[in-house]
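*Asks:* Sequence:
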Amino acid sequence: MNNDATVASFDHNMSQSNAHSSGGGKRILDAVSALRHRNYRLYWFGQIFSVLAQNMEQVAQGWLVLELTNSPLALGLTGLAHAIPAITLTLIGGAVADRADRRRIMIAAQSGTALMFLSLSVLVLTGLAALWHVMVLAFISGSIRAFDRPSRMALLPQMVPREDIPNAVAIGGTIWQLCRLIGPAAAGMLIYFFGVGPTYVFCCLASLSAAGLWLGIRTGQPALAASGGGLLRNMMEGINFIRTNELYYTLMGMTFFNSVFGMSYLILMPVFARDILQVGSQGFGFLQTAGGAGALIGTLVVAAFSDSRRLPVQAARGATLFGALLLLFAFSPLYPLSLALAFLLGMVSQFYITAINTVLQLNLPEQLRGRVMGVHGLTWDLMPVGGMIAGTIAEFAGAPAAVAVGAIFVAGLGLWVMPIAPRFSAAERRQPNEAPVTGGAGPLIRK
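Take the sequence shown: its position 58, counting from 1, is numbered 691 in this note's numbering, and each next residue is one higher.
Calculated from the structure, these hints are not laboratory results.
A couple of the hints might just be wrong.
What follows is a set of in silico ranges between Cβ atoms, one per label pair, in the way DEER data are often shown [claimed, not checked]:
(1) Arg907 / Leu838: 35 to 41 Å
(2) Phe678 / Val1018: 17 to 23 Å
(3) Ala1030 / Gly913: 43 to 49 Å
(4) Thr759 / Gly918: 30 to 36 Å
(5) Leu970 / Phe678: 20 to 26 Å
(6) Phe919 / Thr877: 16 to 22 Å
(7) Phe827 / Ala763: 48 to 54 Å
(8) Leu706 / Ala1034: 23 to 29 Å
(9) Asn703 / Arg671: 25 to 31 Å
(10) Gln915 / Leu961: 19 to 25 Å
(11) Glu700 / Met869: 40 to 46 Å
(12) Ala1030 / Pro1052: 43 to 49 Å
(13) Gly1045 / Leu838: 33 to 39 Å
(14) Glu700 / Phe964: 15 to 21 Å
Every residue, glycine too, gets a C-beta built ideally from N, C-alpha and C.
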C-alpha cells in the first residue's frame, strides 16, 4: 500500500480517538480523566508502588554492592547482570504477552519481584549476603522485567476506552517522574536510619501492594489466541511489523536516538557539575532535580493536550528542540543557565517521548501490542550503550564534545522526520476512497 493510503489509515484512526473531544475544550483541561475508570485507577496506584520499589531498589542495590566490595567495577557488573536478560529476553516477553493473560503475567512478575526483595532482606539481615547473591538476584530481576514490561504496557488499552488512551499514557508517565524524585531520597533515608535490609523489606511490601491492587483489575477480555508457528515465529512477526510500517519504525527510531544519543548527558552530568560548572555534589543534585521536575511538567503538558491530532508533528518538533537545547547545555559555562536548560531538557524530552508512546498505543493492532511495545520499551535499556559511547568520546575530546555529538544526532533525526510527520495526521492529505488496511484490532500502516 502506498504512503497516501498510510496517511488515510493513520488519520482515520487518530480522528476516531478524538471524536468525543469535539464541542469544547473540557477534555483538554481535564488532565486526569483516565482515572475515572476503576481498572485504570487500580493499575495506576499499583504502578506507584511498583515503580517506587524499583527506584528504591536501585539505590539499595548500589549501596549494598559498595558495602560488600567497595568496588566501582562490581557496581558495573551488577548493572550488567540486570541489563543482559532485560535486553535479550524482551522479544520473548513481548511474544508471551500476546499469547497469554497480560494481567496474570503482571501479577506473577510483581509477586516474583517481591520474593526477590524478601530474599535479599533476609540475606542482609542475617549477615549472609555476598556479591554473588546480589548478582544472581539482579539477573533474575532483569529476566522478570523482560516479561513484566511488555505485558504492563500492552494491558493499558484494555482498561480505558479509546478516547482516554492519550490521557492514560500521559498521567501514567507522571508516576515515573514522581518516583524518580521521591524514590532515591526515600531509599537513602531508610538506609541511613534502618539499613539496607529493612529497605528491601519496604520494597517487598510495596511490590506486594502493587500485586494486590492489580488482582482487582477486571478487563472482561479473554487472552488473545496464540497465532500459529510457535514462539519464534510470533517474535519475528513483531519485528517484521515494525520494519514494514513507516509510522512505527520512524517513531521508534526517534525513541532509540533519544535513549542512546540524547540521554547520555545524564550519565555525564557529574562531570559537568564538578569539572565544568564547578558546583560540586550539591550543584549536581540540583541539576538532577531540575531535570526531574521538568520531565514531570512535560508529562502534564501532554496530559493537558492529549486530544491533539498533531502528536507526530509535535514529537518531531520536540526532538529537534531537545537537540538544540542539549547543544546549548553542552557548552554552557554558567550554572544558572545550565540549571534552566536541565529543566527544559527534562520537559521537552518527556513531552515528545510521551507523545510517541501515545501514538503507538492508539494505533497498534491488539494482537501485536505486546511485541511492539516490548521493543519500544527495550530502547530504554540501551541507555548504558549511549553512556559508553559518550564516555569514550569524553575521554578523548571532553564531556561537552560528547554531549554535542549526541545533540546533533537527535536534532538531525528530528529535522529529518519533521517533513514526514504531517503526512501521518494532516486531514487534507486523506484519501477517502481508500479503506484502511486492517489487521484485527487496529490498522496496519504500511509503507
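*Asks:* If a hint holds in the structure, say so; if it does not, say that too.
*Replies:* Now the hints, each set against the structure:
Between Arg907 and Leu838 the Cβ separation comes to about 37 Å, which falls inside the hinted range of 35 to 41 Å. The hint said 17 to 23 Å for the Cβ distance between Phe678 and Val1018, and at roughly 33 Å that hint is violated. The hint said 43 to 49 Å for the Cβ distance between Ala1030 and Gly913, and at roughly 24 Å that hint is violated. Taking 30 to 36 Å as the suggested C-beta distance range, the pair Thr759 and Gly918 conforms, at roughly 34 Å.
Between Leu970 and Phe678 the Cβ separation comes to about 39 Å, which falls outside the hinted range of 20 to 26 Å. Distance hint check: the CB atoms of Phe919 and Thr877 are about 46 Å apart, inconsistent with the given range 16 to 22 Å. The hinted window of 48 to 54 Å between Phe827 and Ala763 is violated, with their beta carbons roughly 21 Å apart. Between Leu706 and Ala1034 the C-beta distance comes to about 26 Å, which sits within the given range of 23 to 29 Å.
Taking 25 to 31 Å as the suggested C-beta distance range, the pair Asn703 and Arg671 does not conform, at roughly 49 Å. Look at Gln915 against Leu961: about 23 Å separates their beta carbons, and that is inside 19 to 25 Å. Distance hint for Glu700 and Met869: a CB-CB separation of about 44 Å, consistent with the stated range 40 to 46 Å. The hint said 43 to 49 Å for the Cβ distance between Ala1030 and Pro1052, and at roughly 32 Å that hint is violated.
Judged by the Cβ atoms, the range 33 to 39 Å given for Gly1045 and Leu838 is violated: they are separated by roughly 46 Å. Here the CB-CB span from Glu700 to Phe964 is close to 39 Å, at odds with the stated 15 to 21 Å.
When each numbered hint is compared with the structure, violations occur for hints 2, 3, 5, 6, 7, 9, 12, 13 and 14.
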